[in-house]
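Asker: Each chain is listed here by its residues.
Protein chains: 2
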Amino acid sequence: METLEAINTRRSIRKFILKEIPDDAVTKILHAGMCAPTSGNQRPWQFIVIRDRVMIDQFIEAYPYSKKMLPDVPVTIMVCFDRNLEKYEKRWQIDCANATLCMLLATHSLGYGGLWLEIYPIEERINKIQDSFGIPKSVVPFALVTIGHAAEEKPPIERFDQSIIHYDKW
Amino acid sequence: METLEAINTRRSIRKFILKEIPDDAVTKILHAGMCAPTSGNQRPWQFIVIRDRVMIDQFIEAYPYSKKMLPDVPVTIMVCFDRNLEKYEKRWQIDCANATLCMLLATHSLGYGGLWLEIYPIEERINKIQDSFGIPKSVVPFALVTIGHAAEEKPPIERFDQSIIHYDKW
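The listed protein sequences derive, respectively, from chains G and X.
For the first sequence, the working numbering puts the final residue at 524, and the numbers step up evenly by one.
For the second sequence, the working numbering puts the final residue at 524, and the numbers step up evenly by one.
Looking at chain G on its own, in the form it has when it is part of the complex:
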């Protein structure tokens, strides 16, 4: 899918039909995440690809709302921030957001349904997921991206708003 079309038509998908996703699509989506811009090339991220239903249930326990969609999603990818890889302070949320968004756009452009499930900044959710996934305290689970087959069609929303554009000065 063309880039502007992918950006403009992306919607948060919350209804899925459980069907397989090929491994090479998952690899392409991971690759996209690793191509995200990052401050001073620090790339402070690590990824967990989750297909195991037991682990998905663990995630749902930490984030009950995700029970509405995750049972119908065959594969998800968790973006984590690894403090050991940090070189520049106060940039990691930006870097991890960039990796998450690249994966979300890749998911949509490949024809799958993506959803950004927020882990950071909710402390309780972070702690539970660290415990259940064996994630060390030096690593912060940041977001979970779904890769599923959409069971809903959502038309693009017109989001252009001239009133928030300034010219040359505020």
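Hints listed in this document are in silico derivations from the structure and should not be mistaken for laboratory results.
Errors might be hidden in some of the hints.
Note that identical chains are pooled: a pair holds if it fits in a single copy or bridges any two copies.
As the list claims (entries may be wrong) - Okay, derived cross-link-like pairs now, BS3-like style, lysine-lysine, Cα gap no bigger than 25 Å in a straight line:
1. K523 with K382
2. K482 with K523
3. K444 with K482
4. K508 with K369
5. K523 with K373
6. K369 with K422
7. K421 with K373
8. K382 with K508
9. K491 with K444
10. K382 with K369
11. K523 with K491
12. K422 with K523
13. K491 with K508
14. K491 with K441
15. K421 with K523
16. K373 with K508
17. K482 with K422
18. K508 with K422
19. K482 with K421
Start from chain G and add chain X according to the hints.
Answerer: Then chain X, alone, in the frame of chain G:
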């Protein structure tokens, strides 16, 4: 340009040839920024389109390194966080990063050279830019995106790294 190609081949462009950029390209890029994912649909952003050379010089004064490239870039867009639009705490850096990245990918996919010039989190830079652009203290200038004609060709970097992928657990 196809989405995965745009994500995988995007590079930071730092050399430009000064030539016009059509208004409709700038509009498409702004549109892309406004389509970025945002927490709870809060969209806490505002944009400043800068073509005025006097204002570009003001920016360079706050961020001397940008003197290497900005004199050769006809138009830039500043992404700002407006605290008055914030509904959910601790998400604004993520939201503004998403808007910045959508604009950067749109710029590259349209064949122009983009660079993410970091304003946040550097306090001194934020303060100087607030002063020179008349930005109120309730608004944080976050990043500046260049839209220029690249004067350098940079091949894609292979960024895939199997060692940072985990499966099901850490």
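Asker: Compare the structure with each hint and give your call.
Answerer: Against the structure, the hints:
1. Taking the closest pair of Cα atoms, K523 and K382 come within 25 Å of each other only across two copies (21 Å); inside a single copy the shortest separation is 41 Å, beyond that limit.
2. Taking the shortest alpha-carbon separations for K482 and K523, only the inter-copy value of 13 Å comes in at or below 25 Å, while the best intra-copy value is 45 Å.
3. Taking the shortest Cα distances, K444 and K482 sit within 25 Å of each other both inside one copy (24 Å) and across copies (19 Å).
4. When the C-alpha separation of K508 and K369 is checked against a cutoff of 25 Å, the pair qualifies only within one copy, where the shortest distance is 11 Å, while the shortest distance between copies is 40 Å.
5. Only between protomers do K523 and K373 lie at most 25 Å apart by alpha-carbon distance; the minimum there is 22 Å, versus 51 Å within a single protomer.
6. In this assembly of identical chains, the alpha carbons of K369 and K422 lie at most 25 Å apart only when taken from the same copy (8 Å versus 48 Å across copies).
7. In this homomeric assembly, K421 and K373 come within 25 Å of each other (Cα to Cα) only inside a single copy, at 17 Å, whereas the closest approach across copies is 52 Å.
8. When the C-alpha separation of K382 and K508 is checked against a cutoff of 25 Å, the pair qualifies both within a copy, at 24 Å, and between copies, at 21 Å.
9. Taking identical chains as interchangeable, the C-alpha atoms of K491 and K444 lie at most 25 Å apart whether they share a chain (18 Å) or sit on different chains (20 Å).
10. Only within a single protomer do K382 and K369 lie at most 25 Å apart by alpha-carbon distance; the minimum there is 23 Å, versus 30 Å between protomers.
11. Taking the shortest alpha-carbon separations for K523 and K491, only the inter-copy value of 14 Å comes in at or below 25 Å, while the best intra-copy value is 44 Å.
12. When the C-alpha separation of K422 and K523 is checked against a cutoff of 25 Å, the pair qualifies only between copies, where the shortest distance is 22 Å, while the shortest distance within a copy is 45 Å.
13. In this homomeric assembly, K491 and K508 never come within 25 Å of each other (Cα to Cα): the closest approach is 38 Å inside a single copy and 38 Å across copies.
14. In this homomeric assembly, K491 and K441 come within 25 Å of each other (Cα to Cα) only inside a single copy, at 18 Å, whereas the closest approach across copies is 29 Å.
15. Taking the shortest Cα distances, K421 and K523 sit within 25 Å of each other only across copies (19 Å), while inside one copy they are farther apart (46 Å).
16. For the identical chains of this complex, K373 and K508 are intra-copy neighbours only, at 20 Å inside a copy versus 39 Å across copies, given an alpha-carbon limit of 25 Å.
17. Proximity of K482 and K422 under a CA criterion of 25 Å is satisfied intra-copy only: 19 Å inside one chain copy versus 47 Å between copies.
18. Taking the shortest alpha-carbon separations for K508 and K422, only the intra-copy value of 17 Å comes in at or below 25 Å, while the best inter-copy value is 44 Å.
19. In the homo-oligomer, the alpha carbons of K482 and K421 lie at most 25 Å apart inside one protomer (16 Å), although the nearest pairing across protomers, at 47 Å, exceeds that limit.
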